[in-house]
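**Student:** In the order they appear, the protein sequences are chains A and B.
Following my numbering, the numbering of the first sequence begins with 1 at its first residue and continues without gaps.
Following my numbering, the numbering of the second sequence begins with 284 at its first residue and continues without gaps.
In case anyone wonders, no lab produced these hints; they're calculated from the structure.
Careful, some of the hints might be misleading.
Derived contacts from chain A toward chain B, CB cut-off under 7 Å, selection only [claimed, not checked]:
no.	residue
1	ARG187
2	ARG223
3	VAL270
Just a sample of chain A residues kept apart from chain B, beta carbon distances all over 12 Å, derived [as the list claims (entries may be wrong)]:
no.	residue
4	VAL4
5	SER219
6	ALA233
Distance windows between CB atoms, simulated [unchecked claim]:
no.	chain 1	residue 1	chain 2	residue 2	range
7	A	ARG200	B	ALA425	32 to 38 Å
8	B	PRO369	A	LEU120	29 to 35 Å
9	A	ARG9	B	ARG641	36 to 42 Å
10	B	PRO677	A	THR228	52 to 58 Å
11	B	GLN651	A	VAL143	48 to 54 Å
12	B	ARG470	A	ALA138	58 to 64 Å
13	B	GLU522	A	PRO193	33 to 39 Å
14	B	GLU522	A	GLY142	57 to 63 Å
15	A	LYS80	B	ARG697	26 to 32 Å
Heads up, the beta-carbon is just placed ideally off N, CA and C, and yes, glycines get one too.
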Amino acid sequence: MGIVSDIERQLGRLRAREAQDGMPELRTSTMTHLVWCPPEWRAKARATLAGLLERHPARTIFLIPDPAGEPGIRARVELKDFELQGLSREVLSEVIELRLGGSATSHPASVVLPLLVSDLPVFCRWRGEPGWTSPELAEIAGVTDRLVVDSSEWRDPGSGYGRLVELFGRVAVSDIAFSRTLPWRRRLAELWPRIGSIERLRVEGPRADAELIAGWLRSRLKREVALTRRNAAAVTAIWVDGETVRSPGDGLSASELLSGELDQFGRDPVYEAAVRAALPTAG
Amino acid sequence: MSAKETANPLLEGLQLRRRPEACAVVIFGASGDLTKRKLIPALYALAYRKLLPERFAIVGVARSEQSSAQFAAAMKKAVREHARDPFRQDVWDTLAAGMRYVGTSFDDAEGEDRVGEALEEIDAQRGTGGNRLYYLAVPPQAFTAAVAEIGERRAREGWVRLIVEKPFGHDLASALELNELLHRWFREDEIFRIDHYLGKETVQNMLALRFANGIFEPIWNRQFIDHVQITVAESMGIEGRAGFYESAGAIRDIFQNHLLQLLALTAMEPPIDFTADSVRNEKVKVLKSMHTPGPKSVVRGQYGAGFVEGIEVPAYREEKDVDPGSLTETYIAAKLYVDNWRWADTPFYVRAGKRLARRETTIAIQFQRAPHPPFEAIAGDGLRPNVLLIHVQPDEGVSLAIGAKVPGAGMTIRTVHMDFLYGGAFRTGLPEAYERLILDAMLGDATLFTREDEVEEQWKLVDAINGAWQRDRPSFPNYASGTWGPGAADELIHRDNRSWRRH
Numbered sequence: 001m002g003i004v005s006d007i008e009r010q011l012g013r014l015r016a017r018e019a020q021d022g023m024p025e026l027r028t029s030t031m032t033h034l035v036w037c038p039p040e041w042r043a044k045a046r047a048t049l050a051g052l053l054e055r056h057p058a059r060t061i062f063l064i065p066d067p068a069g070e071p072g073i074r075a076r077v078e079l080k081d082f083e084l085q086g087l088s089r090e091v092l093s094e095v096i097e098l099r100l101g102g103s104a105t106s107h108p109a110s111v112v113l114p115l116l117v118s119d120l121p122v123f124c125r126w127r128g129e130p131g132w133t134s135p136e137l138a139e140i141a142g143v144t145d146r147l148v149v150d151s152s153e154w155r156d157p158g159s160g161y162g163r164l165v166e167l168f169g170r171v172a173v174s175d176i177a178f179s180r181t182l183p184w185r186r187r188l189a190e191l192w193p194r195i196g197s198i199e200r201l202r203v204e205g206p207r208a209d210a211e212l213i214a215g216w217l218r219s220r221l222k223r224e225v226a227l228t229r230r231n232a233a234a235v236t237a238i239w240v241d242g243e244t245v246r247s248p249g250d251g252l253s254a255s256e257l258l259s260g261e262l263d264q265f266g267r268d269p270v271y272e273a274a275v276r277a278a279l280p281t282a283g
Numbered sequence: 284m285s286a287k288e289t290a291n292p293l294l295e296g297l298q299l300r301r302r303p304e305a306c307a308v309v310i311f312g313a314s315g316d317l318t319k320r321k322l323i324p325a326l327y328a329l330a331y332r333k334l335l336p337e338r339f340a341i342v343g344v345a346r347s348e349q350s351s352a353q354f355a356a357a358m359k360k361a362v363r364e365h366a367r368d369p370f371r372q373d374v375w376d377t378l379a380a381g382m383r384y385v386g387t388s389f390d391d392a393e394g395e396d397r398v399g400e401a402l403e404e405i406d407a408q409r410g411t412g413g414n415r416l417y418y419l420a421v422p423p424q425a426f427t428a429a430v431a432e433i434g435e436r437r438a439r440e441g442w443v444r445l446i447v448e449k450p451f452g453h454d455l456a457s458a459l460e461l462n463e464l465l466h467r468w469f470r471e472d473e474i475f476r477i478d479h480y481l482g483k484e485t486v487q488n489m490l491a492l493r494f495a496n497g498i499f500e501p502i503w504n505r506q507f508i509d510h511v512q513i514t515v516a517e518s519m520g521i522e523g524r525a526g527f528y529e530s531a532g533a534i535r536d537i538f539q540n541h542l543l544q545l546l547a548l549t550a551m552e553p554p555i556d557f558t559a560d561s562v563r564n565e566k567v568k569v570l571k572s573m574h575t576p577g578p579k580s581v582v583r584g585q586y587g588a589g590f591v592e593g594i595e596v597p598a599y600r601e602e603k604d605v606d607p608g609s610l611t612e613t614y615i616a617a618k619l620y621v622d623n624w625r626w627a628d629t630p631f632y633v634r635a636g637k638r639l640a641r642r643e644t645t646i647a648i649q650f651q652r653a654p655h656p657p658f659e660a661i662a663g664d665g666l667r668p669n670v671l672l673i674h675v676q677p678d679e680g681v682s683l684a685i686g687a688k689v690p691g692a693g694m695t696i697r698t699v700h701m702d703f704l705y706g707g708a709f710r711t712g713l714p715e716a717y718e719r720l721i722l723d724a725m726l727g728d729a730t731l732f733t734r735e736d737e738v739e740e741q742w743k744l745v746d747a748i749n750g751a752w753q754r755d756r757p758s759f760p761n762y763a764s765g766t767w768g769p770g771a772a773d774e775l776i777h778r779d780n781r782s783w784r785r786h
């Protein structure tokens, strides 16, 4: 029996078991949600999923690459049920975890394609830095409508952006690091028209976030903006030409940020321009 | 969007939520139930989602005397009891910081001066720039005085908008008078006649369903639709509102506004865009196309005693402050026609009532039967027509009844439902209608509010029905609480060889 049939059989069995609890189930999906998730990211990815499925019922497929492991694919299937408040019904979301061993790591599309929910968008959250020339990235980009990365997870965002722009023509890309800066960008937008003549930007925060804010300002304002940065786990302060920008307050959780990305369809020209302007050559 | 914002290149792609300009919301009737149960919780929900402007204030105006601190404490309690979001002190603090209360009767010039002074003070302290959104949650008898006071004192700077609660008049003549009164001080685009049904997500989803899906609109007409049923059923009684209900009845309370608006949204032509005038132009065309139903096409009823969800409840005439010989209807059913190219000869059966078997608002589109079903002789429970059912409340969503083969030998067909439940697909929690509508009014977007000509058309129909009712004396009560209404309503639809939807 093939792996896909095995997964379908496991899902059928689980649904039948769920049906015995007497509560009518709805199998509602709004998308297929792929998660490319090297083992070291698994715990974080599962935690994010916990806060996400309630808002975005989906078939979630974790792809856990293990190139050094035993060749082949091992699948684990589970159903997450969420009771609908006041309706005596529950929504079932399917979570499929696929461990891709050996050469299977490089060819995920053959197992992903038959598991996609027909006619619904496919989002892939790529954990960590993609292998830019890897066949797995090429294959996933080929079956995905939107690739969601977080460039703050990359060792060197600056050089990563150079590779990321090559993907823009093939798949819509969004970046949690850029989304995370949204409240700050709104604050900066409020400084218009004064900010139109900005020369220096200082950011206290992660490198990716800082680079993207600077790239965004350069691309939107069509002018050079010099960036200096002090490291911090999140953006905690910004200065424009030495003047402090008022903090926008608390940011969003990881689940909320990913949830926001999953509501976006199509390419994001503002983000793409910010990435291009964040490239070291552009700076 | 101002010229300054248009020129701001940083705004593109910022997913800017629709955030209104700085303003003060002034609630007339602030000590009432609506304020506690709906308005303040809605404002809290907007604050919770950071949808209110940063420079914002709430001024409560009502007859009862209390301090601003007492008013704020009462509103805090209301938020804890009625808000859909958990209580957060920081969110509350942002609301409470700009909260004031002025005790005055609405026709007291000196009291109204104090409202004006409070607003000027707020403009100075909170930077609300003279922008005012007045919410008139006042009884009809106080309406004229409140409008006049607001109109005479409208600020010279900033915008003024007025949200007007129902009932908007009690017949066409009074509605025309109210429109004239309002227009003495306010332009039509400053007047927001609220029908909270239009703020419901599922009602707006009707537009999405029809105009965002290519499969429905081609069959949304007399050729494919046999008839439409619209039900606005309540299981509760009049809940102590005898004063209002005795003079309104089901026809003014539900039929004149909610029911006819649901019908207009169901029957309207596609608007060219989703701007206020485009949508309302199409709705008003439907209302103008409706011809007056004959006496046999309208049924009225009044509930007697009975059991609702296992609890014994009194008859309408036994409710507190209701005339023991009252002829007020608590139920109305009607067969209506929209006389236009799309809907000619397609009946719209509508019904609304109190103390019915359960609370339910639905729009059921019943399609024509399959023209030549080859399975008829062997069908299980009879071949039923397809029904597209829009659940407005509760269980918000859409379901489609289709015939499917029962597994096994033979060709037995059974009706099954394909469900789309809002709560199942979009688990963000549906916003309360008032949140959407108050926010829209702050933004000046009147799409989901009723325009003067819509109100007038609605009253014309109601007046025609009421006129016929004046000529006879109904035998009330004529349905038991906890049932689906009077037998005459069943006869109304059975005469056409149809029946009300099974529940």
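**Student:** Looking back at the hints listed earlier, which ones does the structure fail to meet?
**Tutor:** Those not satisfied are hints 1, 2, 5, 7, 11, 13.
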